[in-house]
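Line by line, the protein sequences give chains A and B. Residue numbers for the first sequence follow the numbering used here, beginning at 1 and rising by one. Residue numbers for the second sequence follow the numbering used here, beginning at 1 and rising by one.
Please note: incorrect hints may appear among the correct ones.
Heads up, incomplete: computed chain B residues facing chain A, CB under 8 Å, no partners named [as the list claims (entries may be wrong)]: (1) H8; (2) D32; (3) A39; (4) N55; (5) A58; (6) S61; (7) L62.
Listed next, with one range per pair, are the computed distances between beta-carbon atoms [to be verified]: (8) A:Q33 to B:T100: 40 to 50 Å; (9) A:E162 to B:E86: 20 to 30 Å; (10) B:E86 to A:E164: 20 to 30 Å; (11) B:E13 to A:T108: 48 to 58 Å; (12) A:Q256 to B:S103: 57 to 67 Å; (13) A:Q150 to B:T97: 47 to 57 Å.
Just so you know, these hints were derived from the structure itself, not from any lab. Even glycine gets a Cβ: it sits at the ideal position worked out from N, Cα and C.
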Amino acid sequence: MRAEGSGVRAEGSGVRAEESGVRAAMPQITRLQELVYELKIAEVMTSRVRTVPPHTTMAELREILREHRISGAPVVESGELLGMISIEDLIKALAAGEMDVAVGQRMTPAPVVLSADDPVVLAVDRFVHYGFGRFPVVDGDGKLVGIITQGDITRGLLKKLEVEYHEEEIRRYRASHIFEDVVSNHTSIFLHYDVVARDFEHAGEASSKIKRALNRLGFSPHIVRRAAIAAYEAEMNIIIHTTQGGKMVVDVQPGQIMIRAEDSGPGIPDIEQAMQPGFSTASEWIREMGFGAGMGLANIQRCADEVRLESPLGTRTILEAVIYLDQEDLRGANRKG
Amino acid sequence: MTLEELCHELHLEVRAAPGKLGVEVTGGYASDLLSCVMAKAQTGNVWVTLQGHPNVVAVASLINLAGVIITEGMTPDAATIEKAEEEGIPILTTGLTTFTVVSKLSHLGVLGVDDARA
Numbered sequence: 001m002r003a004e005g006s007g008v009r010a011e012g013s014g015v016r017a018e019e020s021g022v023r024a025a026m027p028q029i030t031r032l033q034e035l036v037y038e039l040k041i042a043e044v045m046t047s048r049v050r051t052v053p054p055h056t057t058m059a060e061l062r063e064i065l066r067e068h069r070i071s072g073a074p075v076v077e078s079g080e081l082l083g084m085i086s087i088e089d090l091i092k093a094l095a096a097g098e099m100d101v102a103v104g105q106r107m108t109p110a111p112v113v114l115s116a117d118d119p120v121v122l123a124v125d126r127f128v129h130y131g132f133g134r135f136p137v138v139d140g141d142g143k144l145v146g147i148i149t150q151g152d153i154t155r156g157l158l159k160k161l162e163v164e165y166h167e168e169e170i171r172r173y174r175a176s177h178i179f180e181d182v183v184s185n186h187t188s189i190f191l192h193y194d195v196v197a198r199d200f201e202h203a204g205e206a207s208s209k210i211k212r213a214l215n216r217l218g219f220s221p222h223i224v225r226r227a228a229i230a231a232y233e234a235e236m237n238i239i240i241h242t243t244q245g246g247k248m249v250v251d252v253q254p255g256q257i258m259i260r261a262e263d264s265g266p267g268i269p270d271i272e273q274a275m276q277p278g279f280s281t282a283s284e285w286i287r288e289m290g291f292g293a294g295m296g297l298a299n300i301q302r303c304a305d306e307v308r309l310e311s312p313l314g315t316r317t318i319l320e321a322v323i324y325l326d327q328e329d330l331r332g333a334n335r336k337g
Numbered sequence: 001m002t003l004e005e006l007c008h009e010l011h012l013e014v015r016a017a018p019g020k021l022g023v024e025v026t027g028g029y030a031s032d033l034l035s036c037v038m039a040k041a042q043t044g045n046v047w048v049t050l051q052g053h054p055n056v057v058a059v060a061s062l063i064n065l066a067g068v069i070i071t072e073g074m075t076p077d078a079a080t081i082e083k084a085e086e087e088g089i090p091i092l093t094t095g096l097t098t099f100t101v102v103s104k105l106s107h108l109g110v111l112g113v114d115d116a117r118a
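The following block holds chain A by itself, in its conformation from the complex:
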């Protein structure tokens, strides 16, 4: 399997999204962990920041924090970030009876800042490292553009996940309703796959992609299983028996799925014999891998409602396996009704 192309953009964003979904399911990296690297601080921070000038008294600060329901604020004078003042500083001032002192004298000066362009993971690291409740966020020129708390990160991640989930739902819905949505006299989706002879390393990849596409289009698990088995056996036949490899085309229509496998030789001398369960011309080393059981064509026949096999000797083999669909098989259509 080297390349594939498709009629109705089946290799487009929809399929990709599912592939990235598969990757996210791997044990090492979850989607959440990926997001922490992908999202920029600018996307999760609070950008309307309440700042205080340094001459604000602690008593005034108390009112500001209460009024805005915030737990800290950047101390800014003529656009310049001087420090951070927080509710902890206020509590200390209360205990010490220093409510008339200016925040400029009790703030944490020269605060650690984060850049709006940095990934969220950097903010996570800083929170762990410093134990602060919030960090000021600056742009490329060092100008204060926002403030970030751990709550902002959680909210930002959840929101992004929700948006992605929603987009995925829409893609799924669209894919599974494509035959209702697209109006024509005769709608057909073609999936094309090239299959390389003797390439056991990539064997089964075309079938995997076919299976994924059919799932995507909303067919029932039963139909997908039959099509996947027929496709796999047809793919293996090309890999095992042909000299030049071949190609597979899946033609999906509202009423049927046709899997067509085509190669340029050597052809099958006796089709009737080849269809017999247990008959195989596979060589010893191929049998050792568990192929060549002589069950391939029999399996295809079992899974398909109709099988056509043509092979003018020495030229090529064309196999067509057709699976009929009824309304039950279109899960998407069912869900809608």
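Using the hints, position chain B against chain A.
Frame of chain A; chain B shown alone:
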């Protein structure tokens, strides 16, 4: 019975997709011929074989098997492990022979496709 419980009972070594062991096993099937597996094994079955090449994963994934037990101390290829991780198909290994594994599975109540039909 889950795959995880089977691993514990049969002392199987988990070689790939440890995160997918919670799945309930619907039955078992044993063969080294891939087409037979394709034809007979049912969704959620555990497959017992001594094949260790990557196509085992392709087959297991295409027909949604719960996992694969590779017997007789056969070492699955690195490509098999990699593909199994990708597809989320647990690969379990044991030094026991296929016959012994199947017999133990049977004791644990894992049925073959013929029994399940009966």
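Which of the listed hints are not met by the structure? 1 and 12
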